[in-house]
Amino acid sequence: MAHTRILLRGWAFNLRSAVNSMTIRAPKAERVGVVLVFVVSAVGWMPGFRAIAWAQQVGSITQFSGSAQLHRAGAVQNPAVGTVVDLHDQLSTLANSSATVTLADKSTLSLSQMTTLTFDENVISGGTRQRTLVGLLSGAVSSVITTAMSGGNPTFQINTPNAQVGVRGTNFVTTYSEGKARPGYEGCQRYTDVIVHEGTVVVTNRSKPGQVVDVAGGFETTVPCLLPPLIAGPIGLGGGSSSPPAAGVPPPSGHAPIVIKQ
Amino acid sequence: MDVLFQRVAVAGALLWTCLMLASVPAHAQVQNIYPGFFELADPQVFNAFAFGGGYGSPKYGMIQEGFQAEQSVTPYLGLVSRVTGYQVWVGDHFNNPMVPEGPHDNQLNFGRFQGGMVFALYPGTRLFVFGGHDIGDAYGTVIEGDLSSWWFIHSQHPINFSFSAVHNYQNHVTSAEIDPRVVALATDNYLFTAGAGGAIYQGGAIHAAQGQGGIDLGVYFRKWGFGVDIQSGYGTADGYGELTFEKQWSFLE
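For the protein sequence lines, the chains are Z and P, in the order given.
My numbering applies: residue 2 is where the first sequence begins, and numbers increase by one.
My numbering applies: residue 8 is where the second sequence begins, and numbers increase by one.
If we strip away everything but chain Z, and leave its shape as in the complex, we get (with noise of 0.2 Å):
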């Protein structure tokens, strides 16, 4: 009966006249379950408690192609479209493979081909995103966020192994590659790329965290191995990750004018 009144009173129930009463009326075996049930059923109630349940899956995947794998507590499993992503599961495409996961908030993570990503930390309290933190070990990610800010902070970021991605926009990519050098950086082979559609997107190298650059719709900036992130640029012009000929770059506005034989 104590059982049964402690679980229906829930997490209303005063703790220590519960114990008191059980004291009275139950063996030492039954009081500790009981107490159990009564501490577990009082902290689901508790906000944060709540959020931590619930994030665990952090979305699912919405759009597939090629392979892929899906690592999840040490286990290896081939994702679908419908597969559900929980926080530290890791998802990799492969050559030619593409990947989108949809959060709950219908913001969407769209992988390019070889791509690692991780999810790290996603926390949710009253159905809306607070925070989210994903890791991009190689490749591209495209990210569309539906609820980039709360109270004035971030609720998105992409850490990728020298950088920091907060997102204050929408529509943004974010591309990590390494072992390859390019000209200018005097053999720096690490590098993140990040190309902003829409909104504001703040950028910090990890190793040095107070050296923010914020990267506007249509600019795009480069974190350099332990340097700072570079100055954001019109995306495009050839100091990102384009390989030349660069894309996007308008050409020059005519050809030598046609001389005649006079």
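There could be a bad hint or two in this list.
[Claimed, not checked] Ranges of calculated distance between the beta carbons of each label pair, as one might list FRET restraints: (1) Z/77 x P/187: 47 to 57 Å; (2) Z/179 x P/124: 27 to 37 Å; (3) Z/58 x P/53: 35 to 45 Å.
[To be verified] Covered stretches of chain Z, as calculated for chain P (at least 3 residues, CB under 8 Å): (4) 179–190; (5) 220–232.
Honestly, the hints are just simulated from the structure, not real lab data.
Yeah, the Cβ is synthetic: ideal placement off N, Cα and C, and Gly gets one too.
Put chain P on the given structure of chain Z with help from the hints.
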């Protein structure tokens, strides 16, 4: 003779040794300035352009239309080919080719076929070197060099410097066009540029340098890969106006 041969052989061996020894740091230096210089581009990029436009002045007018294809080979080197058709109207107050009212006197039609290489000298800087030949009303051999360089690309207003020079072996005229432009406004969809443009030409029957110059305005629609540029000014051919447009397609291979 034997002594001379011996000396030449020793000198050659020494020179060869020096070259071999020097090639190691030289190779390393090239790799430092141009990482992956000796590797194939990955991914390979194929760019195709359709372009056209017109030029008008009281002394002559011209319409051009063409197609250009670029194929990367290494990250710093590519192959390029271009075919262009020209229609030129010569003479004071020639018939306007846009409003054909009557016969077009002194009209010249010719095509230009060019091939060459494109060098990525630095991120944002490319140099094209062409050789080619005209067919039709013009039939000369031409060589051309085009340079496009973006400066201050990590800023709100990068500057573009474009230079294009052509030498025509038929009329022995060398003509060059120079366009410095600045990015006035950049958004995700558009790139607006403003600047100046000018041309200078001399050679053959043109004994003294002649030229023209004016303002230049452009807009590039990123998502469509389409750019329009207008230029207007004054020069040897009196007042002139120039319109060019270009559509770009890019494919990663």
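- 8 Å C-beta test of the segment 179–190 of chain Z against chain P, three or more residues: It holds: at least three residues are needed, and the segment 179–190 of chain Z offers 7 whose Cβ sits within less than 8 Å of chain P.
- Query: Within 35 to 45 Å or not, the Cβ separation of residue 58 of chain Z and residue 53 of chain P?
  - Reply: 42 Å, holds
- CB of residue 77 of chain Z to CB of residue 187 of chain P, is that within 47 to 57 Å? At 56 Å between Cβs, range holds.
- Query: Has the segment 220–232 of chain Z got at least three residues whose CB is nearer than 8 Å to a CB belonging to chain P?
  - Reply: Holds: 4 residues of the segment 220–232 of chain Z have a Cβ under 8 Å from chain P.
- Query: Would you say the C-beta atoms of residue 179 of chain Z and residue 124 of chain P sit inside 27 to 37 Å of each other?
  - Reply: 30 Å, holds
Violated hints: none; the structure is consistent with every hint.
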